[in-house]
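Trainee: Okay, here's what each chain looks like letter by letter:
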Amino acid sequence: MKTPLIIERPDLQAWQQKALFSALTAAFWIAWVFLWLPLVTLGGWLFFGYQFRFHMVELNGYARFLNVLMVYAIVIAVMGGALMLWAVYNHIRFRGVDRRKETPPPTDHEMGDWARHPVEVMAQWREFSVMTVHHDAQGSICRVEPALNLRNIEAATKPTDNRRLLRVV
Amino acid sequence: MENLLPGSVIDAIFDFTFYYPLFMSYLWMCGGLYYYFHYERADRPFDQPPPLKEYPPVSILVPCHNEAECIEETVAALQAIDYPEFEILLIDDGSTDTTPQMLDRFTKADRRIRVIHLARNQGKAVGLNTAAMMAKHDYFLCIDGDSIVDPHCLRWMMRHLIDSPRVGAVTGNPRIRTRSTLLGRIQVGEFSSIIGLIKRAQRTYGKVFTVSGVMVCFRRAALHNAGYWNPDALTEDIDISWRLQMRHWDVRFEPNALCWILMPETMRGLWRQRLRWAMGGTQVLFSQNGLFGRWRHRRMLPVYLEYFTSVIWAYTMAAVILLWALGQFVTLPPALYVDTLIPGWNGMVIGTTCLLQFAVSMFLDAKYEKGLGRYYYWMIWYPLAYWMLSVFTTLVAIPKVILRGKKRATWVSPDRGLQP
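Protein chains in written order, with the numbering used here: chain A, 3 to 171; chain B, 3 to 422.
In short, the hints are calculated from the structure, not lab data. Remember, predicted model here, so these are calculated numbers, not experimental data. We put the beta carbon where it would ideally sit given N, CA and C, even for glycine. Errors might be hidden in some of the hints.
Unchecked claim - So the derived list for chain A, only partly shown, Cβ under 8 Å to chain B, looks like this:
#1 7
#2 8
#3 37
#4 38
#5 45
#6 78
#7 112
#8 131
Please construct the entire structure, taking both the sequences and the accompanying hints into account.
Mentor: Written out as structure tokens, the structure is:
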């Protein structure tokens, strides 16, 4: 491998990039701590009782929080439960049952109809190992040119003799 | 009464903005955990795939556009795939670097490799459609030209296609290689906690929003039935996922099929990538809106509505941010005044929920990658950085898709992160 599978090289960043990400990092940490403001306030109450009284008593924060948690739990249980019941229902209903019949691959003629090229021509395409394809404005194949090399000539004449192909290449 | 209705509506919008991501997070967690315990837990380690009933030959399709820097390792990984018979079709889509010469060299060294040069740049969908016509076999593995597959991936994916004739496509489990910057590291967590978890939850439901175009296995019969890839689709993977499922083909997720990918590590690269994803999703909203009222497509409706709701959420979130910002400078009516964006105890709940979601998803993905837990540290910024990115890309995507109309999607070389 030219490069390692995991590329973890922060040293490759420009200093501006590193500075930007460091500044963002600091900002995000502060913002995240801000989410826990009620909890931080609770911690702060250990030292400053006023804030606790304000959040928990005057704003009725404790009761509201419990109420919110209860509502959340009900909604989550209903949504998650519905999804899992649905999954179990489908599992029981369709387990080991494949109502769809095996769809065979498209025939050469069906492929030819789709590509708008004769079946014989498409069969030739599949034997080219290197080719150049030209398209029209709609992206449909106009013509295909095989690369003029020994391997293609060989493939066109003896498509199944792979060992010989290898020798030629 | 006059004030009551507008106030109620505005309250409902505020509530929706806050509760939607919160409750969806728990839904993803429930679905992800169900999937894990029901399907995934009993699986062998990813490097010991189960034996298959049969091993039908596979055509591997690799669209390439200016991949000179990466294609060598991509091809080396494909050659190392542990599967009895396959051919590799390298599609040079009008590259202007040395990719064409490199591809020709590969084919001389390995008879399994064939090269398709497109005379002009046509876009990924046309490249894949062309290769599908040239392919010898009836199963396709489609891989991006800058990704590295795990040698066992094909056996894991083919087990679905062999075991059930209903399965039209199987998507793999992309893992991030580029982890040098903050953006790269957040994406490591994102691919587990958001993309991997949602795919699992959607499979628990039974339908997926999209396969990962970077690594997906198809049944030729299903592709032919769906009309192959759409050249107008900005994200051909979302488009083909929908067209397959609308024709009642099953689309599966195989977490054991690993594929190592390069992702953007600059703001500009990330913005361009996510805007394209958002535009691709929006295209599906427009193109598939006919499913309403069609009873036989009812199972796709929740997937459609979920994405539709997430788009609405992006707009309501933007409106809340705008109102909050306005409220700092002008006096707004009380019903429109947003005093803070972090709503007290609710904020704590949503913050804790995020951390819980990251923990659950990293637990689910731990068997595929050792040491994943250390990226937990970086994931703390995901809700701020990526939710905002999602909001703004969605806002921009809708007008762009409407103004774009019907136009062919062609290649733009992506940002591939920092590389030594």
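Trainee: Each hint should be assessed against the structure and marked as holding or not.
Mentor: For each hint, the structure was consulted:
no., hint, in the structure
1, 7, "holds (6 Å)"
2, 8, "holds (6 Å)"
3, 37, "holds (4 Å)"
4, 38, "holds (5 Å)"
5, 45, "violated (13 Å)"
6, 78, "holds (4 Å)"
7, 112, "holds (7 Å)"
8, 131, "holds (5 Å)"
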